[in-house]
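Participant: Each chain is listed here by its residues.
Number of protein chains: 4
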Amino acid sequence: MGGELRFVQGNEACVEAALYAGLDFFAGYPITPSTEIAEMMAERLPRKGGTFLQMEDEIASICAIIGASLTGRKVMTATSGPGFSLMQEGLGYAIMAEIPCVIVDVQRGGPSTGLPTKGSQGDVNQARWGVHGDHAIIALTASNHQDVFSITVDAFNFSETFRTPVILLLDEVIGHMREKLEVPAPGEVALVERLKTSVREGVDYHPYLPREDGRLPMSDFGGVHRYNVTGLFHDMWGFPSEKPEVVHGLLRHLVDKIENHIKDVTRYREYFVEEAETLLISYGSAARSALHVVMNRRPRGEPLGLLELQTLWPFPAELVREKAKNARHIVMVEMNMGQVLQSVKSAVDRPDRVFLANRVDGMLIAPADIQNILRLIQGKGV
Amino acid sequence: MGGELRFVQGNEACVEAALYAGLDFFAGYPITPSTEIAEMMAERLPRKGGTFLQMEDEIASICAIIGASLTGRKVMTATSGPGFSLMQEGLGYAIMAEIPCVIVDVQRGGPSTGLPTKGSQGDVNQARWGVHGDHAIIALTASNHQDVFSITVDAFNFSETFRTPVILLLDEVIGHMREKLEVPAPGEVALVERLKTSVREGVDYHPYLPREDGRLPMSDFGGVHRYNVTGLFHDMWGFPSEKPEVVHGLLRHLVDKIENHIKDVTRYREYFVEEAETLLISYGSAARSALHVVMNRRPRGEPLGLLELQTLWPFPAELVREKAKNARHIVMVEMNMGQVLQSVKSAVDRPDRVFLANRVDGMLIAPADIQNILRLIQGKGV
Amino acid sequence: MGGELRFVQGNEACVEAALYAGLDFFAGYPITPSTEIAEMMAERLPRKGGTFLQMEDEIASICAIIGASLTGRKVMTATSGPGFSLMQEGLGYAIMAEIPCVIVDVQRGGPSTGLPTKGSQGDVNQARWGVHGDHAIIALTASNHQDVFSITVDAFNFSETFRTPVILLLDEVIGHMREKLEVPAPGEVALVERLKTSVREGVDYHPYLPREDGRLPMSDFGGVHRYNVTGLFHDMWGFPSEKPEVVHGLLRHLVDKIENHIKDVTRYREYFVEEAETLLISYGSAARSALHVVMNRRPRGEPLGLLELQTLWPFPAELVREKAKNARHIVMVEMNMGQVLQSVKSAVDRPDRVFLANRVDGMLIAPADIQNILRLIQGKGV
Amino acid sequence: MGGELRFVQGNEACVEAALYAGLDFFAGYPITPSTEIAEMMAERLPRKGGTFLQMEDEIASICAIIGASLTGRKVMTATSGPGFSLMQEGLGYAIMAEIPCVIVDVQRGGPSTGLPTKGSQGDVNQARWGVHGDHAIIALTASNHQDVFSITVDAFNFSETFRTPVILLLDEVIGHMREKLEVPAPGEVALVERLKTSVREGVDYHPYLPREDGRLPMSDFGGVHRYNVTGLFHDMWGFPSEKPEVVHGLLRHLVDKIENHIKDVTRYREYFVEEAETLLISYGSAARSALHVVMNRRPRGEPLGLLELQTLWPFPAELVREKAKNARHIVMVEMNMGQVLQSVKSAVDRPDRVFLANRVDGMLIAPADIQNILRLIQGKGV
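From first to last, the protein sequence lines are chains A, B, C and D.
Just so you know, we're using my numbering here: the first sequence kicks off at 1 and counts up by one.
Just so you know, we're using my numbering here: the second sequence kicks off at 1 and counts up by one.
Just so you know, we're using my numbering here: the third sequence kicks off at 1 and counts up by one.
Just so you know, we're using my numbering here: the fourth sequence kicks off at 1 and counts up by one.
These aren't lab readings, by the way, just hints derived from the structure by calculation.
Be careful, since some hints might not be right.
Each computed DSS-like pair below joins lysine-lysine, with the alpha-carbon atoms no more than 25 Å apart [claimed, not checked]:
# : chain 1 : residue 1 : chain 2 : residue 2
1 : B       : K345      : B       : K263
2 : B       : K243      : C       : K380
3 : D       : K243      : B       : K243
Source: prediction; values computed, not measured.
With the rest of the complex left out, here is chain A (with noise of 0.2 Å):
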C-alpha cells in the first residue's frame, strides 16, 4: 500500500477506516472501552463536512443513525456491553426496515456493568441473538489493527450492499493496544456506495420491491419520493401487513439476503491449516495469542495451525468443516465460556474433537495458557 504509516489504537483504526469508507454521521453515547473512537469522531468528522452528534444514551444514539442512513448517509455508533444491550431494540428495527449502519461493540467484561476496563469476547452471540425474533446479522472482528481497518471499511461496504445492519465486534485489548496502521490511499481499497433507486420524482417508488438481484434501491427521506418505513412487517410499499404469504416472504429474504451470501461477507485467515494436527480456531485479540503460539511450536516440530475466524456470523460452518476435516484436535481460542466453540461443534463432523481454550476473568488469554490447555487436551497433564 502507498499510504500514510500511523502507530494507533484499534478504535483509532476503526475511526480511520469509517473515515475512509464515506462515514459521514456518526452519533453515540462514550462508553468504556469505546469511548476513544466517540472521541476521535467529535474531531474528525465535522473537518470534513461530517456531523457528530454526542447523545443522551445509546437508544438515542441508534435511533440517530437509522434517522441519518434514511436520509443517505453513511452512519455508524459506537459502545460497549451494556450499551450494545439498550440498542437491541434500534437494531431489530433496522433489520426490519433494512437501513444501513455500522455498530461498533468493544467488547468488555460482561454481564451488566461487569469489568469496564477488561478485555472480553462476551458478547459474541448477543450479536446474533440479542434482537428478539428470527433474523439474520453480520458480525465482523479483527486481530490487528490493519484488519481492523479493512473488516471495517467491509463493514461498510456490505451494510450498503444488504442493506443491514453491521456489527463489529472489537475487545478492549484490540481497542487499546497501539500498533502499526498504514491507511491506504484514496482509492486503493472498492467501496460500495448507497444504491439509489433511478425511479424518478412523480412516479411511484417501491421502497420494498426487491430487484432481480435482491437488492432494494434506496430514495433518499425527504427526498422526491414519500414513502412508508416501519417496524413491522410490511409489503413492497412499506405498508404493514399480516397476511402470511407477505410475513413468510419478508423473513425468508432478510434472512436469505445474508445466509445466501455467506461466501461473500466470509472474512478470515489462515496459518498452516493444511498440515496442522492441532487446529486452533480463534478471533479477535486471543487470536494474537493463538497465533504467537503457533508461530512459537512449529519451529519445534508442533503440527500446529490456525484458523482466525473475522466473520463470526453469519457463521461460516461449510468453511470450519473443510479446514477442520483433518486435524485430530480442534482447540477453540476465545475469552467466553465457549460461545463460538458451539458453532464450531455443530459445524465439524466429530464434536468430541473440539476442545475450549479460554480465559474469563478479565485477563488476555495469554500464548502460555493456550500451551498448557493444548498439553491438557493431548493427554500430557500439567
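Got chain A sorted already, so can you dock chains B, C and D onto it with the hints?
Facilitator: For chains B, C and D alone, kept in the frame of chain A given last:
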C-alpha cells in the same frame, strides 16, 4: 386438586399463578399480546395489599421490579418482544446482582414491532443470549393453562432458590386462548420463600458470601444492614473488584448455580417416547399441535412420540439425548426458523436424524403442517 | 472383621500388616517419609521375638534382608526414593536369586533428594525398570489404611508364592495420614508360608529345579543342604552358566512366573465403572480425590466412574481394556507426569481418549484439580 | 575426513571420541565389558593433562565426576549393568542439580551380575527410569565404531548444551568388536564448550536462573562465586524450596529442556525406509544384523527397510510414526524382551502391525534369526 375451577386466558393463568406464588409487586408497560397480564394485575394486586405500577416504558419496568425485589418483595413484569429487547440491560443487572425476579415475554412475531397480534416462538434464543457477556438463565414455557400455572409458580420458586431472574416464554396463542384452569388450594403447591440472612443488626453481613450449599441469604434493602449492590464484578461485600480470581469465581458461580442444577429446573412432559420411531420434540403452543398429531396417528399404527420441553434454558441436553436415543427420526416442531433445533442437534448423537417442522408466517403450526412434513422426511413426498 | 480397631498412620497400618503376615526380620535405614515404619518396627519386632537391624545405609539394608530371607525369615525393608535408587542393585540380585522379600517405598517428590516431606507418585516406573536387565516385578499400592493392610499381607503372600521381591509403593500422604484401621483377628486373613523342600539331609537338593507347578521349594541357608546362590545366570544347582538354553530358560522362568499369574496378583477396586461415560483410573492417595469427585458429581447426574488399581506391576492391561471399553473419556489421575498413563494408553483400544489429571508440585491432587481438568477435556474450558 | 585411521574396539572408539570432545576428568571402577574404557583412560588421560581416578566403587565414581564437573571439567564414567544400578542415586542428583556428565553403560546380560561377557540390550528402560521421581534423560547408542565416535562427541555436546547427564548405551558386542575408525582431525567436528557466566566477582550470580533461551550459565565451583548446589527442589539461588510453583517450575524445566529439544538430540540412520513394506527398526549391535538382512534381501526383491535409532531417549516418537506410516509390517529388532518395542507401539498409528525379533540368551541376534521371524510374521511359517 381441591381448588377453584376457572375458564381463562393463558395470560390470566399466569396472573393467578403469580398471585398464588406470593407476588406482591408488579411494574409494567402494556404491550400486545401481554397486556392482559398488566390489566389483571392492576385489578387484583392492590386488593391483596400488593403494589401495581404502570411505568413509562419497559426499562423503567424492569428497574422498578429489581429495586422492589431488593426490599424483599416477590416481583414480576410482563412484556412482548420489543419490550423484552429494551429490558436486556436491566436483565443483565439482575443476573449480576443476583436479584430474584420473573419476566414474562408473551411472544409475538418479530423482529422489531413485527406482528403484534400473531403468535411466534421467535424469542427463544434472545431469552438465552439477549444479555451481553457470559451468563446463564432459566427460561420456562408451557402448552396449556394448567401447565402455565405450574411453571409460573416454578418460575418464582426457582427465582428465589437461585437468586436469579427467570424468563417465562409464553406466546400469543397461549396468552389469548381460553381453556379450563383449576387453581390449586392454598398450600397445595409448595412455595419457596425468600432466604433471609440470620445475621443480626450490628454484625457484618456479607451479601455475596455463599453458604456451603451455594445459596446467598438476602437482607431487605433499607433494613438493618447496609451493603453494596452493583452490576460490576464484585467481592463478597458487594464491592467492585477486577481481581482475576474474584472475577473468575463470580462468573463461574453465576453460571454454575444454574447449570449444575439443571436436573432440578428441568420440567418436561413425555408421550410414548420409549416406543417412538419418530420422536417429535416441541414446546409452547406448537406442542399442542404436535400432541394432536401423536394422539391422532398412533391408533393408526404410526410409532410417534412427543417430548414436550417446558424448560428451554438451561437446555436439558442430557434429557434430550437420552429420550432421543432410540428414535429413527427426530422432528423439532417450533414456530421459528429452528432456534431450539440447534440445541437438539448439539444434544443428540446423530444430528443428521433431526428435522424441523415449523411455520414463520404468524400462523399457528397446525397438525396438518406437521403431518405433511412427516410424510416428506419419511420419504413419502407431498 | 472381629479385630482390633485403631486410629493410625498409613505407615503404622503397613507395620501392623507386616507383623500380622509373619514378618520376623526387618533391616532399614530411616528416611522421610518412611521413618515411622522403622521406628515402629524397632519397638514391636523384638517384643515378638523378631529381629530389627538399623543398618548403615540402604544398600546394607536390602542385602541384610536378602541374607535373612535365605535363612528362612519373612523380611522387609522400608525406604523412600533416594534409598530406593540405592537398593536397585540388591533388588536385581533378589530377582535373579529368587529370594522372597518385601520392599516398601513411601514415595516423596523426586528426582534426587527432591521434596522429603511432600507426596508424589513419581517412583512407579522406577519400581518397574530401576533394575538393569530384563525382569518382571510385582508392585502394589493402596489408597486407604484398610487396603494398605490388605495389600501388605498380599505382598508377603505373593513374595513367598512366587519367590520374588515385592514392592509396596506407598506415598507420603498415605504414609502420614491418620484414619481408622481394623486389624483382623489372627487367622482371619490367609497367610502363605515359606514353601520348604521335602528333600532330606544327605539327599541332593536342586535349589533351582522348579516343581511341575513352577514353584521352587527352599531350604534354609545354613541348614541341612549346601547349595549355591548367585546373581549370575545359573542352572538347577545354582551354578553359573552361559549356555544359551539355560540363560533363555531362566530368564523366561523369572518373567513368566509373574506375568503368567497376572490375574492372581491383580488387586483393584471399582466404583460405577459399568455406567461410566468418563472413567477415572487412579491409585494410592490420588485415588482418594478421584473417588471424592465420583461420589460428589454422580448425584448431580455426571456419569463418572473410578477404577482404582492396587496392583501396578505387572500392569493389568486386560483388566483396564475391559473396564475402559465403554467409556467415552478415560482420565488417569496420578501425582506424576503420567507414568501409569502410558500403560493405560497401551492397554486401551483408543489411546486418544485417555487424558491425564495430575499434579507435580508436591501437593496432593485435589478434587477441584480433577474437576477443572474434567471441564477442559470435556471441551468446556476453564 | 582427514583424520587418523585406526583399527579399534568399540570401547576404544568411545575413548578416542571422549578425548576428542575435550574430556579431562574420568573416574571409574572397572567392570566387564566396559573395562577397556577405564584401562585406556588411565593411559591416555594423564598424558594430555587430564585426571584419571580409579574409585572404590561405582557410587564413588559417579560422585567424583559430578564434583569434578562442577569445577569446570568435562567428565565421564563407564560401567556395566550392576554398576549402572548403583549409580542411579548419583545420576538423579546430577539431573536435579543440572550437572553435565557422560555415563557409559556397556550392556551385558542381566538382571544382577547376569552374563558378564555376553551382549545384551537389557538396560534400555533402566536408562530411562532407573532414577526415582519424574525426570527426562538423553540416552544414545550406535552400531558401528564410526558412529560410536560421533555419538560420543554428541553426548558431550548435549551434556554441556542442556546441563544434563547423558547416557551412552553401548553393548558387549560393540564394545569388544574391532573395526576401522577414522578419527577426525581436530576442529573437524564441532564441540560445545561449557557455558560460563559473565557475571563478575562480587556481583550476585544466580546459578539456577535460566537465560531467555533456557540455558543456565555455570560458574566453576571454588571460583569467584559462592553458591548452593542441592538435590532438593530449589529456587534460582539454589536454595531448597517447597513452594508448589517453584517445584512445578523446576520439574517442568528439567523435563522440557530435553523433551522440547527432541529434534535437536535425535540421531538416526535410515535405509530404504520410504519404499519399505516391511520396516525393521533396530539399534546398537542388533542393527548390524538388521542391516545385513536388508542389504541381503533387497536385491532379491523383498521390500525391506531399516530405521536405525541412535537416540533412544527422549524417544523420537514423531520420527518413528512418520517413518513407519507406510509400512505394512514393522519389526523391532533388539536383544531384550521388547523394551523399545513398547515405545514403538505407542508411537505408531496401528500397534498391531508391530512385531518383535529378539534374542535373550546372551547371543547376538543373527541375520538368520531375523529372517526366520520375517517368514513367520509374513505368514510363511518356519
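Participant: Take the hints in turn and mark each one as holding or not.
Facilitator: Okay, the hints, checked on the actual structure:
1. B:K345 / B:K263: holds (20 Å)
2. B:K243 / C:K380: holds (22 Å)
3. D:K243 / B:K243: Within the cut-off at roughly 22 Å; holds.
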